[in-house]
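Which chain is which? The protein sequence lines are A and B, in order.
Per this note's numbering, residue 1 is the first one in the first sequence, and the count goes up by one each step.
Per this note's numbering, residue 342 is the first one in the second sequence, and the count goes up by one each step.
Keep in mind the hints are simulated off the structure, nothing from the lab.
For clarity, every value in this text was computed on a predicted model and none was experimentally measured.
We put the beta carbon where it would ideally sit given N, CA and C, even for glycine.
Don't take each hint at face value.
[Claimed, not checked] Pair by pair, the computed Cβ-Cβ distance ranges are:
#1 GLU654(B) x GLY106(A): 31 to 41 Å
#2 VAL168(A) x ASN554(B): 25 to 35 Å
#3 GLN421(B) x LEU266(A): 56 to 66 Å
#4 ARG9(A) x SER503(B): 40 to 50 Å
#5 LEU97(A) x LYS444(B): 54 to 64 Å
[To be verified] SDA-like cross-link-like pairs, simulated, lysine to any residue; straight-line CA separation at most 20 Å:
#6 LYS657(B) x GLU377(B)
#7 LYS656(B) x ASP92(A)
#8 LYS574(B) x PRO316(A)
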Amino acid sequence: MSAASRFLRRITPQLVTLAAVLASIAIVFPGFFEISIANGRLYGSAIDILNRGAPVALLAIGMTLVIATKGIDLSVGAVMAICGAVAASAVDRGMGLVPTLALAIGTGLACGLWNGILVAVLKIQPIVATLILMVAGRGIAQLITEGAILTFRHEGLIFIGSGTFLTVPMPVLIWLFTGVIVALVVRRTALGMLIEAIGINPRASMLAGVNTRVLLIAVYMASSLCAAIAGIIAAADIRGADANNAGLWLELDAILAVVIGGTSLLGGRFSIVASLIGAMIIQAVNTGILLSGFPPEFNLVIKAGIVLVILVLQSPTVQSAFIYFRRNKQSSPADAKTVVQ
Amino acid sequence: MLSRKAWIGAGVLASMAFMASGAVAQTIGFSQIGSESGWRAAETTLTRQQAQERGIDLKFADAQQKQENQIKALRSFIAQGVDAILIAPVVATGWDAVLKEAKEAEIPVVLLDRMVDSSDDLYLTAVGSDLVHEGKVAGEWLVSETNGKECNIVELQGTTGSSPAIDRKKGFEEAIADKSNLKIVRSQTGDFTRAKGKEVMESFLKAENGGRNICALYAHNDDMAVGAIQAIKEAGLKPGEDILIVSIDAVPDIFLAMAAGEANATVELTPNMAGPAFDALAAFMKDGTTPPKFIQTESKLYTQADDPKAVYEAKKDLGY
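Based on the provided sequences and hints, a complete structural model is requested.
Right under this line is the structure:
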């Protein structure tokens, strides 16, 4: 089997799920696939999904790498809040766009380094290690914004959140670009395989000469880097850093995106593209609920129901049942032949 | 160095002595919840300002969202023998014991902004805003603004199940109930945040024929309205003209939008709860006038005609 068809086969369940979700939204809301150009930008519900899904998509890229090492990064939502706050307070103090972005992304990398050291050097369990920053991070962000929503009017920074390039919203381009770069880097080099090796058996991979410590730190830094970009987008989108709410609970959506993408929480094999499709599935569900016009009391129940269906269909038991039935169908004529012989 | 410190110390002592001799200078303890929102920070700032204007010595305790800290603060106020206590209770239950202690020490307690479940003879009065009334004021503004014209309204609710969301919805619906020209066509939660306000407004615009079916937006708080205004602008419509915008809270940023003609009206949830509380306490201490058990603050309506630029300047340094 060629690499391309193997890849297609890997992401087929996610693509089918996404198509099913989109189709059911289109039934509830007929104008769903209409796309026009309004005010110099692509305009339509499908564009909203791509655009609003940007933060979770970015988080899912980093989270996939972390989960592939059998880790988890709970701090990404808080890191978003910190980096958004840093960016907002930097432009508020009159810094230019480039130093502002450098500072915010540098802050993100520092957060990742902290997580990485706790996990790789001190060997603290990832869920506990990143929990520290998850709890403390929002407090740090609140200290930076002094508890208020720190608003700004810097056109360059706002452009990142709500500007367009060739009518495509910037956040969409940013997450697509980041996803392609990371996917190429891990798949065109041995990096992806080394990350999987750590997830499957850290001790064996270390004995085989993989520098697990450096790689683990790098993976957590990549995750925080993605969170930093997502935080800048979230702040730029509303022209203000909201330390209380930016990225709130998004770490859970990011983990869910990775899981829907079929990457096991036990580490090992991963697919960035599948995680990105997972992020789009989550956002499609969110946007679909908003378009459907159901009372808001139903939002979470509907979302939970859809996620449950997706995960049950992907569960090992149901999967092996599928395979069993398919084999039975295929093999029954063959069995008949054997009997004749 | 030492002598300078001594001088400062002497100065502080002298000023304290002066304060004490200033006769009216009562001591009032204030137990604040914390500073979880800009509004809360503004309430703290205004309470300090109001105390200073009246020559009250305000003892401030920040509970950092913990009831145990508030109870500790109240006990320490009682031990210090303050003249009165203001408290913004973080939760509704569990206050009976400490309120009884205050009552036994004959220290009047005034609740600010939030209520408690204890029997109402344990506190002097409560100062707060009527959330249903706020929604009603917003609705009445829209009734008079549309003046009988057909108008489809979209509503951005607060966090599902929270009392401001329930009550502000109720008040607004009461105000427009008998007006057949006004209809809420879509209602979703925006969780009181800008980001969700923007996202939900985007979906409203798509769902209602690119926003052409929408005549007005009612948001349960200003932050969601600010987010929605951006969504409306990005869709190529003019907020404030194509879509009327009315919201609640009166935070500084909505006045910027009003000054730019992008928002139409906001109903103030005043952070000055302490002013009426101090007035009630002064009357009570002077001749024992018992205030009503609930003092409702004014839900003032601000429109573009109220010089939003000036209101913004006045509000921006309150800590919102």
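#### Entry: Numbers of the earlier hints that this structure fails to satisfy, in rising order
8
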